[in-house]
Amino acid sequence: MFSLVAFIPRAVQQGVPLLFGSTGETITEKSGNLNLGIPGVMYVGAISGVIGSFFYEQSVPSGNLNGFFAIFIPLICALIGSLLMGLLYCFLTVSLRANQNVTGLAMTTFGIGFGNFFGGSLIKLAGADVPSISLSATSAYFSKSLPFASKAGWFGKVFLSYGFLAYVAIIIALICAYVLRKTRVGLHLRAVGEDPAAADAAGINVKKYKYVSTCLGCMIAGLGGLYYVMDYACGVWSNDAFGDRGWLAIALVIFTIWKPDIGILSSILFGGLYILYLYLPSGTHTEYKELYKMIPYIVTLVVLVITSMRNKKEDQPPKSLGTNYFREER
Amino acid sequence: MENKEVAISLRGITKSFGEVTANSNVNLDVYKGEILSLLGENGSGKTTLMNMLAGIYYPDAGQIIINGKEAVIRSPRDAFDLGIGMVHQHFKLIDVFDATENIILGLEGKLNKKEAEKRIKEICDKYGFEINTKKKIYDMSVSEKQTVEIVKVLYRGADILILDEPTAVLTPQETEKLFNVMRNMKHDGKSLVIITHKLNEVQSISDRVAVLRHGEFISDMRTSKTNAQEMTDMMVGHSVSLNIERPDPVDPKPRIVVENLTVVDEEGIVKLDDVSFTANTGEILGIAGISGCGQKELLRAIAGLEIIKDGKITYIHQDGRTEDLLGKSPREISELGVKLSFVPEDRLGMGLVGNMNLADNMMLRSYRSGKSRFFTEKKEPRKLAEKVVDKLQVSTPSIDTPVRLLSGGNVQKVLVGREISSRPKVLLTAYAVRGLDISSSYQIYDLINQQKKRGAAVLFVGEDLDVLVELCDRVLVLCGGKVSGIVDGRNTDKYTLGSMMTQRGEAI
Amino acid sequence: MGQKVKEPRYHIVKRADISKREAWTIRIIAILAALLLCAIITMVCTGDNPISIFVTIFKGAFGTQRKTWITLQYVAILLIISLALTPAFKMQFWNVGGEGQVLMGGLAAAACMITLADKLPNAVVIILMIVSSILAGAIWGVIPAIFKALWNTNETLSTLMMNYIATQLVAYFTIVWEVPKGSGKIGIINQNSNVGWLPNIGNKYLLSIIVAAVVTIGMFIYLKFTKHGYEIEVVGESQNTARYVGISVEKVVIRTMLLSGAICGLAGLLLVGGINHTITTTISAGQGFTGVMVSWLAKFNPVAMIFTSLLIIFMSRGASEISTAFELNQSFADILTGIILFFIIGCEFFIRYKIVVRKDLGKEDA
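Residue numbers (this note's numbering), protein chains in the order written: chain A, 1 to 330; chain B, 1 to 508; chain C, 1 to 366.
Rather than coming from a laboratory, the hints here were simulated on the basis of the structure.
Possibly wrong hints are sitting among the right ones.
[As the list claims (entries may be wrong)] Derived BS3-like pairs: lysine-lysine, alpha-carbon spacing no greater than 25 Å straight-line:
| # | chain 1 | residue 1 | chain 2 | residue 2 |
| --- | --- | --- | --- | --- |
| 1 | C | Lys59 | B | Lys328 |
| 2 | A | Lys312 | B | Lys118 |
| 3 | B | Lys134 | B | Lys121 |
| 4 | B | Lys145 | B | Lys482 |
| 5 | B | Lys383 | A | Lys182 |
| 6 | B | Lys113 | B | Lys69 |
Predicted model only: the values in this text are computed from it and were never measured.
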């Protein structure tokens, strides 16, 4: 009854938005910025993409979508939308040195409101009977799997059946892991997050690193929102459907101990846990599915507690996480 | 000397922080291929001045001329580009990185650790350093960390090196090693500036000495043409002989008996090793040692702030009853009726709360008392604050001013005033006069002597050997966490203490 | 080469001290600027003129007697949650778990209402509800505190996780207790018997308001005049100092989080037993997070919190009136609230620092 070949693709599809989110948040946190606005950013990324593709679909007669534009326009819109959120966060916390927790939470309030507001407005523009927008034409481009996926049997199903953004997520995670571990930029970024004063004294432009990593992080996270709506949800935007995935992405950062490459498999694990309830034997009470959804958070909490118990220096959160840096402070 | 090229030239440098002027109109030259000592008391503006060269601070006014060209140093990166490197007193190293990663931090180009390690080795061989490139900073001793800092600066090809009190944390052997390296660098044509307030170091290492006082440039001269007296005079402004009062102890009786005390810190490093001594009533017991040799831990252990691995600390009441203080928290100690006061080294980070006003800071020790179990008593602390301000001449706008806004000397008076207000039986002080001007220092010595005359047992951890020799009845010398010996303050001199600080001798 | 280097045109200096009046002037300017921006955005969205927009906002919050009461009730709940979080923030413990603590309090209250309705008299049920919801909130608050005390576990992250564990617990029990079966929600509990409904005092809004007033005064006194409050302040300012004077930091952290969680639990009780008479996963409506902002904006001062929570509720009620009036989406309120928050967050910079422009710039360039 339980088919692993059917389960894995679904877990992966659940995991991809989380992977985008957690990769983005990881590189943000590596610069010492604890961006609790990530859930909001992902909403903004999603809705920006939806807005872009909505107007594109509206502007061309049905069926005549150009494949390149159908992907390019929502992609660019999502990136710009989340970049603006990142700039806002940086401007407030880095330039104006505002409290990171408060700024992040305000961004989440704003971002979710922004997503639902424009989502709602578009729904009204579309004049649909159901409270959602369907962009199935665009979505078809996003969720197109690799051409030979269907011919490759179980292998194709497990590895090749996803839309391109899923592969992008994995590639980005691998690049981020490589950059953090093996390059000078990564070394500098980690230094900024550990001890900005020391990084500054070594000639690293702390502000620049914080800005760039946080904005890039937001853009990556925004792609997660875009993937969710365009691929996973088949182009259907409905308000609040994205749910708590943004927070789950933050949990994933802790679970992976700030390592994006671990995030690839962990996000699939989280995705699997998130939908495990679907595979409960029939006859199980439906309430247990809610308990299964709790597992990722409990596991993360346990990881967080265990890493703090073991107190291994390399596994701790970046030391300056959540605090701002001001050179002439004395 | 005159035909030497000028490497740095500072003209009219001024910098202030809020109301406080740290440097005012400073002019200073540093030549190529020389070692310049920048001498001055704590708080005379040496570090601030050098931080402006290193790009940490930006001057409010004035010019910096490097190799004949006017330079603008906005950041440490600008400083590196001009060939200036500074080794800060508080190391700027990333704990979880290894030595190589720290050394190449901030540089550009492809990351190639192998290549970097090779170059580090070359530098080490050239100047005589030893370094383990793969060791993580958190596993390193202070002297290893300092080596990393210096190599980091050299790796960037700095021609001008600034060392901020590099010897404060070193043993004499390590200091000698450092000085040798510095001489090698000088012969290599580099300019070195060493910030210090130790005259013997000035004389042994530098070619020239420049003196700062209260943020102003006083004078510079060749080291060979001056002497300790002249330098002291310039540093403090007028000729001082310390002449600290030392009343004879009246009826000294054992008050605190420490036996075989061993303290190991979180990282497993032995901080105190089998320490035994007795502190008597009506007596000042000085504690000398190179910084980091266990002085801090000793006081903290007695105050109930260290986890003690082994040993015994006994308090003896006036009537001969004894209390075991081992393993008790500060609160439990005070509940035993043991009146113990502690003036810690870190005044605003430990002894006082910077953001609280004077009155609320007075409550720190006494807030648990008062009639109500639940509510705080505010009147008594206010009275006490007024008394302290009045008696110790604390200059403050009011007792409602947050203590962080007061100057260093006044902060210390508030702290000492509170600690002695409870009429302690034991008074522990750590670096009680650090950073204070002369007159505040004498006021503190007086206060400590008053406590001694009252019959308190005073433990005085100090760094200035002259003061220890003149103020204390007995001096206990620590070296690497062990007791080198206890000497009579009246029959010793600072040279004896100095040599005891550097070797683990047998008790004399 | 060297002549082209630019000097920094300005630098930022920390203000030594700023008078309260100046600080509040800056804040009020920021709020006015934010309102202006909100008005412009609303104009773009609705085409209405700004004055009538503000009239609509005001009407939304205080238009009728009933609306005023509801606004005040909302303020009361948000205020209680903000006050609950405040002692934790004062000791630099970033409790972003208010949401979960409120939910657990609410869940405990709902559990009593549902399971004990036919077994015990109403008064006993209510007493058990009060006890159990306060206890549930306190337990939820103290778990991260224990982790922090024992192993220094990052509390922002652990309290955040606790929120979602609580949410899923509520979701689980929602289905266990769902009425009717399969509907996925509980509906009004004890609709006919009203067992476990907190009594109306005067009208149905007043109870929460009175509780909020009591908690505000209590918290003000607790923080300012008690030994516990003093200890919290010392721990928040410097843990070293706390240890030095013999305050057990661990004990204070645990005790304070017990209190913080307990008051959140109380808010949950009011939401379930006093206002909604049901429980859903969204019953606290993100106020655990909004409370973080309210408390921080008020600089952890309980009295100032009355105004900051009023401001937030006023805006969100007003904005939702706008969305109704102009047939916009309800989420419009979140956008406007967000904008105001950004302005207030940003303006703190100008209270703490001042920007000094170099005066001799022209001369240097010449």
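Does Lys182/A sit within 25 Å of Lys383/B, going by the straight-line distance between their CA atoms? 62 Å, violated
Holds or violated: Lys312/A and Lys118/B, Cα atoms, limit 25 Å. Not OK: Lys312/A and Lys118/B at ~29 Å, beyond 25 Å, violated.
Compare the distance between the alpha carbons of Lys113/B and Lys69/B with 25 Å, and conclude whether the hinted pair is satisfied. Distance ~35 Å between Lys113/B and Lys69/B Cα, so the pair is violated.
Compare the distance between the alpha carbons of Lys59/C and Lys328/B with 25 Å, and conclude whether the hinted pair is satisfied. 63 Å, violated
Does Lys145/B pair with Lys482/B here, judged by a C-alpha cut-off of 25 Å? Cα-Cα ~23 Å, so holds.
Please work out if Lys134/B and Lys121/B have their alpha carbons no farther apart than 25 Å. 12 Å, holds
The structure is inconsistent with the numbered hints 1, 2, 5, 6, although it conforms to all the rest.
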